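Peer 1: Sequence:
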Amino acid sequence: MKESKKLGINTTCVHVGEVKDEQFKGAVSPMYMATSYAFDNVDVKRYPRYFNTPNQEALCRKIAALEHTEDGLIFSSGMAAISTAMLAFLKKGDHVVIQQVIYGGTYNFVATEFEKYGIEYSYTESDKIEDFLPLLKENTKVLYIETPSNPLLGITDIKAISALAKEKGIITMIDNTFASPINQNPADFGIDVVIHSATKYMGGHSDISAGAIAASKEHIELIWKTGINLGGNLSDFTVWMLERSLKTLNLRVKEQTRNAQIMAEYLENNPNIDRVYYPGLKSHPQHELAKSQMKGFGAMMSFELREGIDAMKFQNALELIKPSMSLAGLESTTVSPAQTTHALLSEEERLSRGIRDGLIRFSVGIEEAEDLIADIEQAIRATIRS
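Residue numbers (our numbering): 501 to 886.
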């Protein structure tokens, strides 16, 4: 096969990282479920916790191809990927600078675990590059960003962060979950370690939990050494499911992204909506920056209903769109970040990050936009009447 970087995106999704069925010539990858493999007279001593079963290795090649990196690793969850990546590069006495508005699980991991390891950390005041520089110290080893951010869809200048870090000899990490590899490839802008909750767009069907990391071979080797000790490997059945899902990644995400633009414009012009957070809107303060580093604006957004319309009553009145904990499935979903993703933060911490109780995060699916609009309209009417 030609080099994956020369293949089209759909071809990459379908064919890179396949396990060839040499025995029966099946059209899909065979599944190798063994947890015990031969150790003598073999080229590779395979073991699921070593991330090197046939299905694991093949899937890692697909992840790397999609993110334009040399190598990849897959994990049992997004948090397994995030925690393993951070602990691979940080030790007692080190310091990390973290973007202020990030996934609540990441914030909680840093806040509750780093003190045990003697790792220092600082949060920026915003997602602007100017906020990172004053926080750098002699012992700063990692810059960690998330763009678009969860849940306010803030945009961080990936190229500027990369340049700053390279000048100082610091490792850069990004949570690229909201964009997906279809809409953004941070490695092209110089980011060292690209992380995904593969539960989301990579999985795409709301039926698996997984995480992924894409990076250079050198960096993946370091992460692997920590990963085999922490034990966050993915079962081969889920690996097989994730490979199946990635075959349609481009088709799904492009349709979701197209729908999201329609929905964002509708919501922005709806008198019952106070504010919409979506980088594809010209009103978004970082719209131009998003255009410069994203191929598409993604299918995630957040919005706030006008005062007097109860956010939970509205969500419970929805008939087509599902109030649901996670995101990025084929189906459209909403969630209240204050009660879920950022529930572990104090009220003061949430408000300082702009996460108000009435904020609704909206994951746009592949349904027809007119059906989604009709559902929102009827839910608003029902909520106002109640």
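If you are wondering where the hints come from, they were derived from the structure by calculation, not from laboratory data.
If you're wondering where the values come from, they're calculated on a predicted model, not measured in any experiment.
There's no promise every hint is true.
Stated by the list, open to error - Using 20 Å as the maximum straight-line C-alpha spacing, the simulated PhoX-like pairs for lysine-lysine come out as follows:
no.	residue 1	residue 2
1	Lys592	Lys725
2	Lys592	Lys545
3	Lys525	Lys545
Stated by the list, open to error - Okay, the calculated beta carbon distance ranges per label pair:
no.	residue 1	residue 2	range
4	Arg561	Lys525	15 to 25 Å
5	Lys659	Arg775	41 to 51 Å
6	Pro530	Thr748	33 to 43 Å
7	Tyr547	Asp521	50 to 60 Å
8	Ser852	His515	14 to 24 Å
9	Glu877	Gln839	19 to 29 Å
10	Gln523	Ile873	47 to 57 Å
11	Ser852	Ser783	16 to 26 Å
12	Arg775	Lys628	40 to 50 Å
13	Pro634	Ile762	53 to 63 Å
14	Ile873	Lys637	46 to 56 Å
Where is the CB? At the ideal position from N, CA and C, for every residue including glycine.
Peer 1: Next, verify each hint and record whether it holds.
Peer 2: Evaluated hints:
1. Lys592 x Lys725: Measuring from Cα to Cα gives roughly 17 Å; hence the hint holds.
2. Lys592 x Lys545: 32 Å, violated
3. Lys525 x Lys545: The hint is violated at about 26 Å.
4. Arg561 x Lys525: 15 to 25 Å: This hint holds: roughly 21 Å between Cβ atoms.
5. Lys659 x Arg775: 41 to 51 Å: 28 Å, violated
6. Pro530 x Thr748: 33 to 43 Å: Roughly 20 Å apart at Cβ, these two residues miss the hinted range, so it is violated.
7. Tyr547 x Asp521: 50 to 60 Å: Between Tyr547 and Asp521, where Cβ atoms are some 23 Å apart, the hint is violated.
8. Ser852 x His515: 14 to 24 Å: Violated: the Cβ-Cβ distance is about 47 Å, outside 14 to 24 Å.
9. Glu877 x Gln839: 19 to 29 Å: 24 Å, holds
10. Gln523 x Ile873: 47 to 57 Å: Because 51 Å falls inside the window, the suggested range holds.
11. Ser852 x Ser783: 16 to 26 Å: Check passed, 23 Å falls within 16 to 26 Å.
12. Arg775 x Lys628: 40 to 50 Å: Roughly 20 Å apart at Cβ, these two residues miss the hinted range, so it is violated.
13. Pro634 x Ile762: 53 to 63 Å: Distance hint for Pro634, Ile762 is violated at roughly 40 Å.
14. Ile873 x Lys637: 46 to 56 Å: Holds: the Cβ-Cβ distance is about 49 Å, inside 46 to 56 Å.
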